[in-house]
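**Q** Spelled out from the first residue to the last, the chains are:
There are 2 protein chains.
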Amino acid sequence: MLRIRGLHIINRINIPSTQHVRGISKVSQIEPEKPEIKTSIPGPRTQALLKELSALQQADSVQLFADYDKSTGNYFVDADGNVFLDAFTQISSVPIGYNHPELLKCFDDKHNLRSLINRPALGVFPSLDWPKKLNNVLMAVAPKGLNGVSTMMCGSCSNENAYKTVFMWYRKRERGGKIDFTQEEMASCMANQPPGSPNLSILSFQGGFHGRTFGALTTTRSKPIHKLDCPAFDWPQAPFPRYKYPLEQNQRENKKEDDKCLEQVADAIEQYKKKGNPVAGLIVEPIQSEGGDHEASPEFFQRLQKLCKENGVAYIIDEVQTGCGPTGKMWCYEHFDLPSPPDVLTFSKKMLTGGFYFNVENKPSQPYRVFNTWMGDPGKLILLEKVLEVIENEKLISVVNESGKVLKKGLHELEHEFPNLINSVRGRGTFLSFNSPTTKCRDQINSDLKKNGVLGGVCGENTIRLRPALIFQKKHAEIYIDILRKTLKGM
Amino acid sequence: MLRIRGLHIINRINIPSTQHVRGISKVSQIEPEKPEIKTSIPGPRTQALLKELSALQQADSVQLFADYDKSTGNYFVDADGNVFLDAFTQISSVPIGYNHPELLKCFDDKHNLRSLINRPALGVFPSLDWPKKLNNVLMAVAPKGLNGVSTMMCGSCSNENAYKTVFMWYRKRERGGKIDFTQEEMASCMANQPPGSPNLSILSFQGGFHGRTFGALTTTRSKPIHKLDCPAFDWPQAPFPRYKYPLEQNQRENKKEDDKCLEQVADAIEQYKKKGNPVAGLIVEPIQSEGGDHEASPEFFQRLQKLCKENGVAYIIDEVQTGCGPTGKMWCYEHFDLPSPPDVLTFSKKMLTGGFYFNVENKPSQPYRVFNTWMGDPGKLILLEKVLEVIENEKLISVVNESGKVLKKGLHELEHEFPNLINSVRGRGTFLSFNSPTTKCRDQINSDLKKNGVLGGVCGENTIRLRPALIFQKKHAEIYIDILRKTLKGM
Chain R
1 MLRIRGLHII
11 NRINIPSTQH
21 VRGISKVSQI
31 EPEKPEIKTS
41 IPGPRTQALL
51 KELSALQQAD
61 SVQLFADYDK
71 STGNYFVDAD
81 GNVFLDAFTQ
91 ISSVPIGYNH
101 PELLKCFDDK
111 HNLRSLINRP
121 ALGVFPSLDW
131 PKKLNNVLMA
141 VAPKGLNGVS
151 TMMCGSCSNE
161 NAYKTVFMWY
171 RKRERGGKID
181 FTQEEMASCM
191 ANQPPGSPNL
201 SILSFQGGFH
211 GRTFGALTTT
221 RSKPIHKLDC
231 PAFDWPQAPF
241 PRYKYPLEQN
251 QRENKKEDDK
261 CLEQVADAIE
271 QYKKKGNPVA
281 GLIVEPIQSE
291 GGDHEASPEF
301 FQRLQKLCKE
311 NGVAYIIDEV
321 QTGCGPTGKM
331 WCYEHFDLPS
341 PPDVLTFSKK
351 MLTGGFYFNV
361 ENKPSQPYRV
371 FNTWMGDPGK
381 LILLEKVLEV
391 IENEKLISVV
401 NESGKVLKKG
411 LHELEHEFPN
421 LINSVRGRGT
431 FLSFNSPTTK
441 CRDQINSDLK
451 KNGVLGGVCG
461 ENTIRLRPAL
471 IFQKKHAEIY
481 IDILRKTLKG
491 M
Chain G
1 MLRIRGLHII
11 NRINIPSTQH
21 VRGISKVSQI
31 EPEKPEIKTS
41 IPGPRTQALL
51 KELSALQQAD
61 SVQLFADYDK
71 STGNYFVDAD
81 GNVFLDAFTQ
91 ISSVPIGYNH
101 PELLKCFDDK
111 HNLRSLINRP
121 ALGVFPSLDW
131 PKKLNNVLMA
141 VAPKGLNGVS
151 TMMCGSCSNE
161 NAYKTVFMWY
171 RKRERGGKID
181 FTQEEMASCM
191 ANQPPGSPNL
201 SILSFQGGFH
211 GRTFGALTTT
221 RSKPIHKLDC
231 PAFDWPQAPF
241 PRYKYPLEQN
251 QRENKKEDDK
261 CLEQVADAIE
271 QYKKKGNPVA
281 GLIVEPIQSE
291 GGDHEASPEF
301 FQRLQKLCKE
311 NGVAYIIDEV
321 QTGCGPTGKM
331 WCYEHFDLPS
341 PPDVLTFSKK
351 MLTGGFYFNV
361 ENKPSQPYRV
371 FNTWMGDPGK
381 LILLEKVLEV
391 IENEKLISVV
401 NESGKVLKKG
411 LHELEHEFPN
421 LINSVRGRGT
431 FLSFNSPTTK
441 CRDQINSDLK
451 KNGVLGGVCG
461 ENTIRLRPAL
471 IFQKKHAEIY
481 IDILRKTLKG
491 M
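Note that the protein sequences, when read in sequence, are chains R and G.
Residue 108 in this note's numbering sits at position 108 of the first sequence, with consecutive numbering throughout.
Residue 105 in this note's numbering sits at position 105 of the second sequence, with consecutive numbering throughout.
If you are wondering where the hints come from, they were derived from the structure by calculation, not from laboratory data.
Possibly wrong hints are sitting among the right ones.
As the list claims (entries may be wrong) - Each computed SDA-like pair below joins lysine to any residue, with the alpha-carbon atoms no more than 20 Å apart:
(1) R/Lys172 with G/Lys486
(2) R/Lys255 with R/Lys178
(3) G/Lys260 with G/Asn277
(4) R/Lys133 with G/Ala48
(5) G/Lys440 with G/Pro224
(6) R/Lys38 with R/Asp60
(7) G/Lys486 with G/Asp448
(8) R/Lys132 with G/Asp448
(9) R/Lys70 with G/Asp129
(10) G/Lys70 with G/His111
(11) G/Lys440 with R/Leu307
(12) G/Lys34 with G/Lys70
(13) R/Lys132 with G/Ala48
(14) R/Lys144 with R/Pro339
(15) G/Lys105 with R/Lys255
(16) R/Lys133 with G/Asp448
(17) R/Lys275 with R/Gln366
(18) G/Lys172 with G/Ala187
(19) R/Lys409 with R/Lys486
(20) R/Lys110 with G/Asp448
(21) R/Lys178 with G/Pro224
(22) R/Lys405 with R/Pro246
(23) R/Lys132 with G/Arg45
(24) R/Lys408 with R/Lys489
(25) G/Lys474 with G/Arg45
(26) R/Lys110 with G/Asp69
(27) G/Lys70 with R/Leu128
(28) G/Lys38 with R/Ile37
(29) G/Lys223 with R/Glu185
Since the structure is predicted, the reported quantities are computational estimates derived from the model, not experimental observations.
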């Protein structure tokens, strides 16, 4: 508590990062005091740059061009000099804010610099410090009970390779543990036919998002625009709970929702077994993010795990967006008190490197199966090592929990003040969200928030999601709530 | 020519990089004079590290652990202090050698450093210098006639997103250019069913390698071990020419091989149209690499393009391994004198960033379709910018052509000296290869080469591939040939 208060004070009086004041946790950066909007949004320079970029690629998703030399901490500065409080942080992928001094120092170390520019094929010629790096950085925050890890490039790539691992594990069990392949398997897979390319599936949830490459995209079920015109595998789906809020007033109804969804998971597993395309794995987000910030109860996740175990289905938890602290724990699934770990946990975004944890006993028996040229990027692990140090030294998980409380309290107040504009406040830590009655209203709020100096994200049909960095403090939460109130008043 | 000789001399007398000597092209690094093997291979430290890594993941593909602090230029130093001449360069992904001084300086520039550590979601909040960066770096080496580019993370991801672009383009043409989707399309894609998730395919060649995620893996047809146990789409294949060497003595037969393969491409397109899974795109490597370094004639590629045009099939050239200079041109397909550019060209490896070039007129009409969180990595473009400068300043394409001649001449001599051990010398630039009579013999040669201080790669059934960096000079070529001769003599 003292540390958190210390944080706040030190930051306000702008003492720069590296000083330790009487053993009290420090804050690293000098930030602007508040947002400052100088031009229309998007400003003239941003508009000109958008034209330039659109000549080269589909760029209609671009919101702003950034000045990353001037952005700092929780504040994003755009090409027109506008200063925003960032509650979206590059689609939730910035762990400790912009230009953190510790990250700026990372490559002063010549060994780190050489690791960065001599990017190896990690599956063939890793650096001599790679095993130690995996142990000291990634295994230091491994989900309890998972003893293996593979690094990858991004979230999609992590999920794709998790699926491959799960399929190989499933087939190995089907072979009774034998590791040899038949001639028929070897020949048929070259023609993309079973048994070598087997009919096996991954079950995913309606509203789930797991990436955009063809395997990952098949399991993504958030919005049509992500999937249209892309061939997909015939893999099963099930509904994910859609709760009524506030939770404490809707317990019975929400419990029924859990029951209904779990029943349909069981049905889908049964149905796909019968149709000869059995479910080898099931993938689920601890909080469905892109699909609309849908939560489910710890009981739901416990019962889902039980269902998986009973059916020999691998339980894959996708923590690409929830992982690395924003829910107030390192991994969001830790909120669920599972009796045993998931079979696979995938990560990316705030972890800076993609990858997945698993039981090393279930790794493929042969090499070159879960493999690619780079297999990740040591340069990202160097940054992650520093990020994890900063999280520990600056007690950022506590910061998240403190700021999250302020944010949630403020949002609850606002849903009472403006019941026609926002509702269903929910989430954990600073990983929070609320709904609007319509998509149009939601988009208007988000757009006005931006004009008032706050960057926020949208998701699902009618949701605004908060995805600040882990250094988002109580004072930032207060600014956010103030600006949201002003925005709602102005509508 | 003078420049090339200059290179050679300056390097021999070990003048470090940054000096310009009488306007003559310089060489950048002080290298060891030759390989030096001090321990058994793998050495004791390497073996201990392998044990450590294998406790965390499937690591049987790991050959050596590297000391990247000590590796320099064309020389790779392992954990046991052994010095190897590197003719494999991290599966062909190191453009200008280890620890190039220009790359080591890249992040002295604070703007570059901040671009590296503030990794944006490029599709939403790119840096204000991103359009210029794309123009100055990637478009400066764009295949002639292609005016669009998207950056991606790796080769698999580049191919997957190229396929998505091609499918969207195909469906847009089917809709007569209309950009709206029907309710039926939007609903069906959420269940992974047509018409929203259409039955469309990508044709690829037997022996081709295009990556390891599920869409890319479906088109990969190099070896069973890459594909076993992974579900795949029902997409068509056709044979890729298997030439007899030397080419000049087998012209008639090789021409027949072209005819046969092209006929089967046409047949497959016809067959998959009839079975309701039409071919939207065809992907081909200019030289099949992983599958065994199989070449095809310029005429083959010209006729293939014609076939694609006649059938409304997008022509995708996969230059992930061949791109960025090793064949003696920036892009290998430039050797083929195509009357018009391919529809898409994909890249990664030596380009350091993944991505693909295309016609911007064919980009998706809506945003968020070819999209992901990071959409590439500006840190890699900063390195690539420097790599392209070095390629120009050090005239590395000429170096490749000169060294390639020395290598090829030496290999031809060796195939005459040791006709029972090596044959079918082939390739362009330093992108060369040769066969052995059997897999076992090939593996023995490669393993003995390593013990004699040369890192080489294998591919296909019985091929050794050379994949040196672009700074591999005549003197390195001579060392390579000497050691290969010694190796073959010792067998």
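**Q** Does each hint fit the structure? Answer for all of them.
**A** Do the hints match the structure? See the list:
{"no.": "1", "hint": "R/Lys172 with G/Lys486", "result": "violated (43 Å)"}
{"no.": "2", "hint": "R/Lys255 with R/Lys178", "result": "violated (43 Å)"}
{"no.": "3", "hint": "G/Lys260 with G/Asn277", "result": "violated (23 Å)"}
{"no.": "4", "hint": "R/Lys133 with G/Ala48", "result": "holds (15 Å)"}
{"no.": "5", "hint": "G/Lys440 with G/Pro224", "result": "holds (18 Å)"}
{"no.": "6", "hint": "R/Lys38 with R/Asp60", "result": "violated (23 Å)"}
{"no.": "7", "hint": "G/Lys486 with G/Asp448", "result": "holds (10 Å)"}
{"no.": "8", "hint": "R/Lys132 with G/Asp448", "result": "violated (30 Å)"}
{"no.": "9", "hint": "R/Lys70 with G/Asp129", "result": "holds (13 Å)"}
{"no.": "10", "hint": "G/Lys70 with G/His111", "result": "violated (28 Å)"}
{"no.": "11", "hint": "G/Lys440 with R/Leu307", "result": "violated (48 Å)"}
{"no.": "12", "hint": "G/Lys34 with G/Lys70", "result": "holds (14 Å)"}
{"no.": "13", "hint": "R/Lys132 with G/Ala48", "result": "holds (12 Å)"}
{"no.": "14", "hint": "R/Lys144 with R/Pro339", "result": "holds (11 Å)"}
{"no.": "15", "hint": "G/Lys105 with R/Lys255", "result": "violated (59 Å)"}
{"no.": "16", "hint": "R/Lys133 with G/Asp448", "result": "violated (31 Å)"}
{"no.": "17", "hint": "R/Lys275 with R/Gln366", "result": "violated (30 Å)"}
{"no.": "18", "hint": "G/Lys172 with G/Ala187", "result": "holds (18 Å)"}
{"no.": "19", "hint": "R/Lys409 with R/Lys486", "result": "holds (17 Å)"}
{"no.": "20", "hint": "R/Lys110 with G/Asp448", "result": "violated (34 Å)"}
{"no.": "21", "hint": "R/Lys178 with G/Pro224", "result": "holds (17 Å)"}
{"no.": "22", "hint": "R/Lys405 with R/Pro246", "result": "holds (16 Å)"}
{"no.": "23", "hint": "R/Lys132 with G/Arg45", "result": "holds (13 Å)"}
{"no.": "24", "hint": "R/Lys408 with R/Lys489", "result": "holds (19 Å)"}
{"no.": "25", "hint": "G/Lys474 with G/Arg45", "result": "violated (33 Å)"}
{"no.": "26", "hint": "R/Lys110 with G/Asp69", "result": "holds (8 Å)"}
{"no.": "27", "hint": "G/Lys70 with R/Leu128", "result": "holds (11 Å)"}
{"no.": "28", "hint": "G/Lys38 with R/Ile37", "result": "violated (64 Å)"}
{"no.": "29", "hint": "G/Lys223 with R/Glu185", "result": "holds (12 Å)"}
Hint check: violations occur at hints 1, 2, 3, 6, 8, 10, 11, 15, 16, 17, 20, 25 and 28; the rest are consistent with the structure.
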